[in-house]
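Chemist: Each chain is listed here by its residues.
Number of protein chains: 2
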Amino acid sequence: MAARTPRPLSGFPELLPGERVVEEHVLDVLREVFELHGFAGVETRAVEPLSVLLRKGEIDKEVYAVRRLAEVAEDGATDGGATDDVLALHYDLTVPFARYVLENAGKLSFPFRRYQIQKVWRGERPQEGRFREFRQADVDVVDAGSLAPHHEAELPQVMADVFARLPLPPVVMQVNNRRLVEGFYRGLGLDDPAAVMREVDKLDKSTPARVRASLVDGVGVGEREADACLALATLTGAPGRTDFVEQVRGLGVRDELLDQGLDELAAVVAGTRAVGGDDERFRVVADLSITRGLDYYTGTVYEARMTGFEHLGSVCSGGRYDALADDGRTTYPGVGLSLGVTRTLLPLLQRGLLRASRPTPTAVLVAVTDEEHRAASSAAASALRARGVATEVAPSAARFGKQIRFADRRSIPFVWFVQEDGTSEVKDIRSGEQVVADPTTWLPPAEDARPRVSWTDEPTA
Amino acid sequence: MAARTPRPLSGFPELLPGERVVEEHVLDVLREVFELHGFAGVETRAVEPLSVLLRKGEIDKEVYAVRRLAEVAEDGATDGGATDDVLALHYDLTVPFARYVLENAGKLSFPFRRYQIQKVWRGERPQEGRFREFRQADVDVVDAGSLAPHHEAELPQVMADVFARLPLPPVVMQVNNRRLVEGFYRGLGLDDPAAVMREVDKLDKSTPARVRASLVDGVGVGEREADACLALATLTGAPGRTDFVEQVRGLGVRDELLDQGLDELAAVVAGTRAVGGDDERFRVVADLSITRGLDYYTGTVYEARMTGFEHLGSVCSGGRYDALADDGRTTYPGVGLSLGVTRTLLPLLQRGLLRASRPTPTAVLVAVTDEEHRAASSAAASALRARGVATEVAPSAARFGKQIRFADRRSIPFVWFVQEDGTSEVKDIRSGEQVVADPTTWLPPAEDARPRVSWTDEPTA
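First to last, the protein sequences are chains C and F.
With my numbering, the residue at position 287 of the first sequence is 287, and numbering never jumps.
Take any residue in the second sequence, note its place counting from 1, add 1000, and you have its number in my numbering.
A couple of the hints might just be wrong.
Unchecked claim - When the alpha-carbon atoms are kept at most 30 Å apart in a straight line, the in silico DSS-like pairs for lysine-lysine are as follows:
(1) F:Lys1402 - C:Lys107
(2) F:Lys1119 - C:Lys119
(3) F:Lys1119 - F:Lys1205
(4) C:Lys119 - F:Lys1107
(5) C:Lys107 - F:Lys1119
(6) F:Lys1202 - F:Lys1119
(7) C:Lys202 - C:Lys119
(8) F:Lys1107 - C:Lys402
(9) F:Lys1119 - F:Lys1107
(10) C:Lys119 - C:Lys107
(11) C:Lys119 - C:Lys205
Hints are computed from structural coordinates only; laboratory data are not their basis.
Only chain C is shown next, with the shape it has when bound in the complex (with noise of 0.2 Å):
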């Protein structure tokens, strides 16, 4: 028989369980963190009408449809593909909560604070840090009829709580407001500012002169309107500062709108100043280049990117949205942060600066001695099982050397072994050394009771 190894599948990553040791470590932080911040977990179902998606988002032909097999053989040769109630994976989980807030209001109550970690899908290009299913861990809240500002300083704090406790770069989060942006536009004179906007969103993958160009000649911007674009497109602000504020009204613009966003920036920045605390782990800056594809942005949107792997892009964006759920007679505007969990985890889990102690829960191994006995080895399992040690029994009653060999090959730290007289021992096979133990009292060092996550700086890429 020919060999049969299946390949992976490009854009779609699996991990190997000592990455995902790292991973569900991971995803344990930001459910503690969130629901520490009074979050509730929601979760969607995978798939949306695709009329639903299309409607909100900007990525169209990357969005994955799903059918049932039995319809596609029905359909046979006419099928089209995109009528109206064709499903699809979603691409985000915005999209999908402003329809499940829609579909449930009556049920909620409002301000709606939910978190939401799950997997999306979409038909990219694959290349490092972006794939065509992965998956996010999303915060927003949600109000009905309207949001208070002062939670778009909040979701900042909640993000930086999640850096803090977890063994990763430092994040510095860029802040910028939509309204502000369009309010400069129109105080230029600008008829179109989304035609402006989406060719200023280039900036960081080109040049600023390519850039005035495409404003110039594309758009139709005039030469010291597209100066005055870029101008405002590079400034920045120092961290947790609201001098920007200075530096925009120094540009000679005014706008009403443009006043609204600027005063609503400085509210975020402000309100963020004592975020990350003092060791610069995690920095909220005002970056007025910052403007978000998708478009149902209306305010503050905000990137975040890691020192020293920028060129993965943005690992936790967002932004506030006036009008993504509307069911006609109440609007339910709310602010959101996404962080990109595969994206920000596979490029470290790929380069090994992220490990765990070990790829398996277990922190004791029970010896067998030979078959006839298994279920005394099992009885002592159970007993340090029902004190919550991790716990398994040798898969086969070999030469205890092997035994050792089979725990230490999956690091796992003690091996336990069952005397004929009924009495234990645990070895701790690092060490060597072994000593008579009880299972219905001992306890494992709290560090070996379940693998540890780490950063390290040896590289192994």
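With chain C's structure known, arrange chain F on it following the hints.
Modeler: Just chain F, lined up with the frame of chain C:
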């Protein structure tokens, strides 16, 4: 504007926040017990090549194919769907796991113990306990070359530990062995054991007379042999007892494979004698009618039903598979059990039998005197969170009575007041008792720290 309240999608259930608290609790217990037994968490991508899924399963047209909208558009009217490189959503976690084992065999150590808790998709007709998107929780042990039989008695013990920690109805797990059944049919001289098994498998939805008729008229089994098949299928053992062995032998059929299957089944039932303890919350019985639909099982098969909810069908199923993973050089036999999380929980949630004490993690709401003093409330909240107390700050500086009602509506037990002089008081809004408290030392009673999940005998529906 017309009202645009979205409607639920049949077969794609979503939970309200309070229901999700129940589900999260169950998922926490599953993970905890699986890890205590030394199973490593694995997650596979949601999609597999269609060819992988159709080779292994029997559910064919229920599979959901997945295609990028861009591809659908390119292919246009020529789209037939079922080409070899088409991707599809997985319909179980066993087939993807077998593929994962083959793909990563060189990086895993065997026997490999893994758990996997994920959504799966099947395009079945939705009904109670049957969904198109649902969550399963699987544990499997896979070895390279050969798999020790004691793992077949181990897995029911793992699930018994799960159910012992959950407020769910008692469970009866029925066990059978395909070798036993196939050997019995062969001993009767029947040529096509698979065809006979398919008919006998319909016993729970049909009558013995009708199954007998199909065997005789459809499959061409003799009348005496058909009676013997039915006699075998009606045999059941007492919990933990191997008395069925004598009963099977009493049917007078002799076959080598039958003997092997009988020995294996007796070993599993004897090995699980201690399972569930004295409270009969989880009993394991031999039931010679069970065969399982999926055709990759080769030996032991399991099904489990909840007492009082037998109409839901099996909530926890699995078996031994000897040839699912095979790379042409090595075979990786395994045994697994899969708990239908959604199938188990949804009917209980819909009847109001399982409830969370509150729909939010928040234990303390910090009141806000006025917006100018929000920072003082936020500081108290941070101090509480730093010691693990889930805390949110009131969304608006409304009258205190209104802020207390806001907490009450979500069953948040405590409201915290920061006084002008910097001291604090905390009110238990259930008793009305209000005491002086320090956010750096105060803790809620342990039972209020997180939402509690309980079984109630006062169903709402």
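Chemist: The structure should be examined with respect to each hint, and the outcome stated for every one.
Modeler: Taking the hints in turn, this is what the structure says about them:
The straight-line distance between the Cα atoms of lysine 1402 (chain F) and lysine 107 (chain C) is roughly 19 Å, inside the 30 Å bound, and the hint therefore holds. A distance of roughly 10 Å separates the Cα atoms of lysine 1119 (chain F) and lysine 119 (chain C); the hinted pair therefore holds under the 30 Å criterion. For the proposed pair lysine 1119 (chain F) and lysine 1205 (chain F), the alpha carbon gap of about 27 Å is at most 30 Å, so the pair holds. A distance of roughly 25 Å separates the Cα atoms of lysine 119 (chain C) and lysine 1107 (chain F); the hinted pair therefore holds under the 30 Å criterion.
Using a Cα cut-off of 30 Å, the hinted pair lysine 107 (chain C) and lysine 1119 (chain F) holds, with the two alpha carbons roughly 25 Å apart. Distance hint between lysine 1202 (chain F) and lysine 1119 (chain F) is fulfilled; the C-alpha atoms sit about 27 Å from each other, no more than 30 Å. With a C-alpha separation of about 27 Å, the suggested pairing of lysine 202 (chain C) with lysine 119 (chain C) holds against the 30 Å cut-off. Our distance criterion of 30 Å between C-alpha atoms is met by lysine 1107 (chain F) and lysine 402 (chain C), whose separation comes to about 19 Å.
The hinted pair formed by lysine 1119 (chain F) and lysine 1107 (chain F) meets the criterion: a straight-line CA distance of about 25 Å does not exceed 30 Å. Between lysine 119 (chain C) and lysine 107 (chain C), the direct Cα distance comes to roughly 25 Å. Compliance with the 30 Å bound is thereby established for this hinted pair. Of the pairs offered as hints, the one joining lysine 119 (chain C) and lysine 205 (chain C) holds, with about 27 Å between alpha carbons and a cut-off of 30 Å not exceeded.
Going through the hint list in order, the structure satisfies each hint without exception.
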